[in-house]
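Undergrad: One-letter residues, chain by chain:
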Amino acid sequence: MKILVIAEHDNNNLKGSTNSTIAAAREIGSDINVLVAGLACSNVANEVASLDGVTTVLLADDAAYENFLAEDIAKLVISIADDFEYILAPATTFGKNFLPRVSALLDSQQISEITAVLGPDTFKRPIYAGSCIATVKTLDDKKIISVRSTAFDGVNSGSAIAEVKDIASVGTDGKSSFVNEELAVSDRPELTAADIVISGGRGMQSGDNFHLLDSIADKLGAAVGASRAAVDAGFVPNDYQVGQTGKIVAPDLYIAVGISGAIQHLAGMKDSKVIVAINKDEDAPIFQVADYGLVADLFEALPELDSKL
Amino acid sequence: MKILVPIKRVVDYNVKVRPLSDQSNVDLNNVKMSVNPFCEIALEEAVRLKESGAASEVIAVTVGKQDSQEQLRTALALGADRAILVESDNLVEPLVIAKALANICEDENPNLIILGKQAIDGDNNQTGQMLAALMGYAQATNASEINISGDSANVTREIDGGLQTIQVSLPAIVTTDLRLNEPRYASLPNIMKAKKKELNIISLADMGFDISNRTELLSVELPAERAAGVTVESVDELMDKLKNEAKVIS
Ligand SMILES: Cc1cc2nc3c(=O)[nH]c(=O)nc-3n(C[C@H](O)[C@H](O)[C@H](O)COP(=O)(O)OP(=O)(O)OC[C@H]3O[C@@H](n4cnc5c(N)ncnc54)[C@H](O)[C@@H]3O)c2cc1C
Ligand SMILES: Nc1ncnc2c1ncn2[C@@H]1O[C@H](COP(=O)(O)O)[C@@H](O)[C@H]1O
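Top line first, the protein sequences correspond to chains D and W. So for the first sequence, numbering that gives the first Met the number 0 puts the first residue at 0; every next one is plus one. So for the second sequence, numbering that gives the first Met the number 0 puts the first residue at 0; every next one is plus one.
Possibly wrong hints are sitting among the right ones.
Going by beta-carbon spacing under 10 Å, a handful of chain W positions derived as facing chain D [said to hold, decoys possible]:
1) E43
2) D122
3) G149
4) V219
5) V231
6) L241
Simulated from the structure, these hints should not be mistaken for lab results. All figures in this text were calculated on a predicted structure; none of them were measured in a lab. In this text, a Cβ means the ideal position worked out from N, Cα and C, and glycines have one as well.
Please construct the entire structure, taking both the sequences and the accompanying hints into account.
TA: Below, the structure is given as structure tokens:
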């Protein structure tokens, strides 16, 4: 049962989604090989080599992989796919982009966003925005699986160091090319990695008012998120969105402020350990999932909370 | 330029879906069905490209049971020129859907194929990328902006870290994110006109490839319930609970 995990990184640092994907792989088998494809990313390969459970690191260091274009990453994975029975990637925008290509080229039906491994071919995954959980069994010989990071505790560095093997680049087919990127820069923890997340919704009324959340976030070491309505209204950038079609988070503490609690938002945060809701409407559905609900005007509650922290 | 828009009939996004009592599947009896919201966005983009003169024809296609004609009629009312139903007796998986769509692409030779990034029933997020791979086309997923110029397109993508712009050579596959556009509503005259537009039906089984599903659905259950919470009366009480009961802040 040879398993291939595709690492997510930015050429300098490994992303936590990789640690979670390796954790899921360990529930399937023990021969875990991790592909690190990128440019000048040997640091990342070394970091992966130190992780618990990793057998071998395959390093494809080439300009073709600098920006992780789906066509080229898929082509690389296909070039080594014969050796593996399982191919796993994180269910992030990185993994979702290329993994279905791999799946189609191998004529296998991918299983998306697993949240539990029940056996070598049987997995759980949420469907309908997490309203239901499906148990599915794959009949394919090659199993192509994307992993929901929040469902698996990421592996840490261990005592053993795995071998790092260079593998050949298969180049780019040039059908798509990178133009530019506008990445969010923030001193706060990343949304999907933070222990505490404080999110604002339409009730925040404006982007300026998000400073009320920022200040609390800084005191708590929290990340700031948002509902779709807040992103659509232009209060905050798209990478803040939590939900069915945004980011999935499961921090120790999630504070929802001025968010009604639509099913699509709950899909992204209802596995948080402790949920706090601050909303002026006592009938808002968010209170049904909240451990602590405060019925209040956020413009009064937030400054008070801030001053008392 | 010809644009193909694959759409899917799904449970309306306002419906809270529950398992059947024997947990064999989800209960879809008497629930409202709609066009998948991301497919509406895809269709809207295609229609706008046509209205701007960049495209000449918009074709809506779906792989589904006979009842999916309803969603194709909606697509026609929203501005598609014609529609194709690839009819199947059963609901099939993304790989089979992608193969059927590849067949349609071979026949129609579209320059651009716009799909939703995800269907809100299975939340798979696979079909567009699979179709791109089968056709050997470039892809741009999670699009929030599309600019066509000549035989390529610049597409801005919503990624976890922010925004990324890539250039894809046409023909290409684009999948839509939420903020690409705001879809219009169908007007009554357009709904009437849509009844007369062309809707062709092809049989999936006749396409000549293996259409069997590769996964078995063993059961469907509700997610674990959260324990009931409490209402706190004040910010002080909230802070006390978070510090001393939940112990999540210090
Ligand atoms: C295909 C699809 C995908 C979607 N994906 C997502 C997703 O990933 N994430 C997501 O979040 N949504 C998503 N949505 C949208 C979702 O359905 C809701 O529309 C959205 O979550 C609502 O955001 P909101 O709660 O901020 O706004 P609203 O529903 O408008 O709620 C605002 C809340 O603020 C409260 N409020 C107002 N003023 C104050 C005040 N002064 N003090 C305290 N409370 C106040 C109100 O009582 C209300 O409850 C999706 C929808 C579709 C169709
Ligand atoms: N049965 C179908 N017929 C046509 N297009 C589909 C079908 N299923 C999915 N699609 C397209 O693929 C997108 C992504 O769906 P999915 O991969 O199932 O999440 C949808 O938004 C549609 O554009």
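Undergrad: Each hint needs a verdict: does it hold in this structure or not?
TA: Cross-check of the supplied hints:
1. E43: Result: violated, 15 Å to nearest chain D Cβ.
2. D122: Holds, because the Cβ-Cβ distance from D122 (chain W) to chain D comes to roughly 6 Å (cut-off 10 Å).
3. G149: Check failed: Cβ of G149 (chain W) comes no nearer than 15 Å to chain D, outside 10 Å.
4. V219: 5 Å, holds
5. V231: With a closest approach of 5 Å, the V231 (chain W) hint holds.
6. L241: This interface hint holds because 7 Å falls under the 10 Å limit.
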